[in-house]
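What follows is the residue order along each chain.
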Amino acid sequence: MAPPEAEPQPPEAAVGPERSAVLEARSVSKRFPGVVALDDVSFSLRPGETHALVGENGAGKSTLIKVLTGVYRPDGGELRMSGEPVRFARPFEAQQAGISTIYQEVNLVPLMSAARNIFLGREPRNRLGLIDFARMYREATELLDGFGVRVDPRRPLHTLGIGTQQMVALARAVSVNAQVVIMDEPTSSLEPREVETLFRVIDNLRAQGIAVLYVSHRMDELYRVCERVTVLRDGRHIHTGDLADLDRMQLVSMMLGRDLAEVRREGVTSFTAEGHEAARTPVLTATALSSRHQLHDVSLSLYAGEVLGLGGLLGSGRSETAKALSGALPLDSGELTVDGTPLKRLTPAAAIRAGISLLPEDRKAEGIVPGLSVRENIVLAAMPRLSRAGVVSRARQDRIVDIFMKRLRIKASSPEQKVGELSGGNQQKVLLARWLCLEPKVLLLDEPTRGIDVGAKAEVQSLIDDLAREGLAVLLISSDIEELIEGADRIVVLRGGAVAGELEGDEVDESRLLEVLADHTPAPDPGPASGGHDDPVPPGAEAAPARQDVAPAAEEDPR
Amino acid sequence: MNETTPAPAVRAPARRTPAAQPGGGPKTRPADTSRPTGRQRAAELLQRQGVLAVLLIVVIAASFIYPTFASLDNARGVTIQASFLAVVALGMTLVIITGGIDLSVGSVFALGGVLAAWASQYGFLAALLVPLVVCGAIGLLNGLLIARGNMAPFIITLATLLGARGLLLALTDEGATTYLVPKDSAFGELGQGSVWGFGYPIIIALVLFGAGGLVLQRTSFGQTLFAVGGSSDAATLMGLPVARTKILVYTLSGLLAGLAGALNAARLSSGVTIIGVGMELDAISAVVIGGTLLIGGAGSISGTLWGVLLLAVIQNLINQIGSLNSSYQSVVSGGFLIVVVVAQRYLARSRRTT
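Read top to bottom, the protein sequences are chains V and X. Numbering-wise, the first sequence is residues -8 to 550 according to the working numbering. Numbering-wise, the second sequence is residues 1216 to 1569 according to the working numbering.
No lab work stands behind these hints, which were simulated from the structure alone. Keep in mind that the hints are not guaranteed to be accurate.
Anything over 12 Å on all C-beta distances counts as not near chain V; from chain X, calculated [as the list claims (entries may be wrong)]:
1. Val1349
2. Thr1439
3. Pro1456
4. Gly1493
Calculated from the model, a selection of chain X residues having no Cβ within reach of chain V, i.e. all distances over 12 Å [to be verified]:
5. Ala1276
6. Ala1277
7. Ser1278
8. Gly1338
9. Leu1340
10. Ala1374
11. Leu1386
12. Thr1392
13. Val1410
14. Tyr1415
15. Ile1419
16. Val1422
17. Phe1424
18. Phe1441
19. Ile1510
20. Leu1532
Cβ-Cβ distance ranges computed for the label pairs, FRET-style [as the list claims (entries may be wrong)]:
21. X/Leu1421 x V/Arg336: 50 to 58 Å
22. V/Val27 x X/Ile1553: 51 to 59 Å
23. V/Arg336 x X/Asp1448: 31 to 39 Å
24. X/Asp1448 x V/Gln199: 55 to 63 Å
Glycine residues also receive a C-beta, built at the ideal position from the N, C-alpha and C atoms.
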């Protein structure tokens, strides 16, 4: 194999055989239909180091982890452990080789006891070959004690708190003679005290020469426990080096792919340069929205005729805020006022009635119905308005569908074409049309241009512009910094589920935004933020396993 | 159990426990807040042993009301009736714990009986092995398609339900031919012989249940069944052999259904073609009444045994009452099923919310 090219990594090259990597990926590539998730990524993990793996949405972190743990097989490149080439066909083989993983969503069996979960597949046995439960419970208790967790290991996992469940997963991971422990957002559901315990465990692993690959988007933690860092972006390896050599600002700009020197550039988006005329009184006011682990006292106002940007890094609570505003996230406290009238019961149905529409982040899972036609998808939400005594007027449907297909330039062979056959951009427009035909006052757009081609992106952007000009209040969430800067009149920046700052007027520029995003002062006790956005389950699901069967608080959970 | 026992040869616990220190010893131990509340414990007990309690209540009440019910003869009759369903339900329990379902068992049961009766002319061993091999193969086919082909168990086993029934009709010229077990053969004795009046099938069923309980609770395979049913994705990520476990469990279900069919043929001295229709539903009812979750991940072998007995006792009682049409048996069984499922739901909720 050719040596890893492109990235200058003098420390790696100089390393002698005795400091060889315990786990190494060489030029690993992984493709999915239509997407290159990993493109020629090389990276190595030394014994006893704690190595941060960072990157934004779609950077390829999750894919890399899945390749390292045998969930995916790479399309190109190879993996080496202690210098020897290895191939993992299944997660089992990676575990046999000494790679343990703690996933962000606790991947244990909820109905089984904590002890059984820890020892599944390698239960201690007595001389008859039967499971020795007494020993199993004793060893589980010892292990968990070491993590500062005192629970009865006989208890079913689902009766334990999420943090405790995470500790059980950790106990399982480190008790298998691992050489490498991969932690994917391990603190996203932990209490501060549990985070401290986790850090102690990591110190202990380090002392034993066990390598830890630590995936997190929380800067404080990275700088606290990690020695080296690898940055991925768009499936490519961007940088590997000592974390101490980088300050937060540099790290953030590397993750986002923004060079501070070239920040001041001409706009490349389709937003018009001038701002919008915003009304004086807010159409939507959110006061102190809080949801355990996810949002902390988020307050914001949205005026008719403006585009309000919602900025923040992965896991900062952007999507959660949008969901909260649309009634889809159960809140512990907080109030929502539309046109001066407080909403009593905050459910998606109530929000829609009040004129709030959410274009969700994941249009496949939460938006389009691929098997239905363009027409059916558009009128889905407007059905009650288009029907009289339960009978839907086809003529009125056709009229509305025709208007929106022309206005949004939806490219389909006919209104009867199945939405699943359309391109991503056109699917997104169909979704927009669905909400627009409800004539909303407030439009919440969560990553409206992600995963759609350049042309459609430009069209959606200019459409957002037009809508605001026509008097709609638009909330725009985007990981695309340019889109946010140029599209928004104002930007509220979130960090750790709380409002970290607001940029107005001339402040809305890239360097200011990066400064707030990377803020050096610690966030105002954010508490554990919610999960990142690149996991398949929406972050709102994180508290769910503990109380699955409690009736959903919202009437129409989008999931 | 014993601390002084030397570690067994199998899997010496040479595992480091690196995390045993970081907690800093007892000084940082948080209080154990995890003890189940009394209500949770009661709910758990009820979920586990509720069927047994209901069974005992029904039996005791019936003994007072109908003196004929409490006789030893009647007990023999009820248990022998129940033994065949019990063996089928044992396999069904394992399948359901993995989150699957096996609809083919009724047909496979009948097919096993016909094959055993046909093969009994070639001796005891043939009469036992032929149905086991064929029915095991049907189970294996189910398992392969479900685990490797990633198909829905409901559809696959529905297909083999039809297939096995068709095979049976083909073997018997559409039911026109009935194969008889030779009189006084060793195989016939297997079905008709008894110890203190309790037929061999009862004893075989009990032995199988004992073994099944041991496998389920005390082996890695058993634990893997729970893990697969509880969360298939988690089981895969934990490196457990998910596919192999599923294949094995459907094969076991086929084998047990075939064995039950063979025993039934031995008892009846012939391969009856019309039996076993709807038996899969009785088996599923018994399993669910026994406290096993239909969605998988939790359940017990003993519960299934009580479930089977409860169904058999209800049937017997309705026969005792005499004035009631025997069709009412299904009504009562169905009623029990609803009660159990609703109770499970309620109990699960009260166990989870503290």
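Going through the hints against the structure:
{"no.": "1", "hint": "Val1349", "verdict": "holds (31 Å)"}
{"no.": "2", "hint": "Thr1439", "verdict": "violated (7 Å)"}
{"no.": "3", "hint": "Pro1456", "verdict": "violated (7 Å)"}
{"no.": "4", "hint": "Gly1493", "verdict": "holds (30 Å)"}
{"no.": "5", "hint": "Ala1276", "verdict": "holds (33 Å)"}
{"no.": "6", "hint": "Ala1277", "verdict": "holds (35 Å)"}
{"no.": "7", "hint": "Ser1278", "verdict": "holds (37 Å)"}
{"no.": "8", "hint": "Gly1338", "verdict": "holds (34 Å)"}
{"no.": "9", "hint": "Leu1340", "verdict": "holds (29 Å)"}
{"no.": "10", "hint": "Ala1374", "verdict": "holds (25 Å)"}
{"no.": "11", "hint": "Leu1386", "verdict": "holds (40 Å)"}
{"no.": "12", "hint": "Thr1392", "verdict": "holds (46 Å)"}
{"no.": "13", "hint": "Val1410", "verdict": "holds (27 Å)"}
{"no.": "14", "hint": "Tyr1415", "verdict": "holds (27 Å)"}
{"no.": "15", "hint": "Ile1419", "verdict": "holds (22 Å)"}
{"no.": "16", "hint": "Val1422", "verdict": "holds (17 Å)"}
{"no.": "17", "hint": "Phe1424", "verdict": "holds (17 Å)"}
{"no.": "18", "hint": "Phe1441", "verdict": "violated (6 Å)"}
{"no.": "19", "hint": "Ile1510", "verdict": "violated (10 Å)"}
{"no.": "20", "hint": "Leu1532", "verdict": "holds (34 Å)"}
{"no.": "21", "hint": "X/Leu1421 x V/Arg336: 50 to 58 Å", "verdict": "holds (57 Å)"}
{"no.": "22", "hint": "V/Val27 x X/Ile1553: 51 to 59 Å", "verdict": "holds (53 Å)"}
{"no.": "23", "hint": "V/Arg336 x X/Asp1448: 31 to 39 Å", "verdict": "holds (34 Å)"}
{"no.": "24", "hint": "X/Asp1448 x V/Gln199: 55 to 63 Å", "verdict": "violated (30 Å)"}
Comparing the model with each numbered hint stated earlier shows that hints 2, 3, 18, 19 and 24 do not hold.
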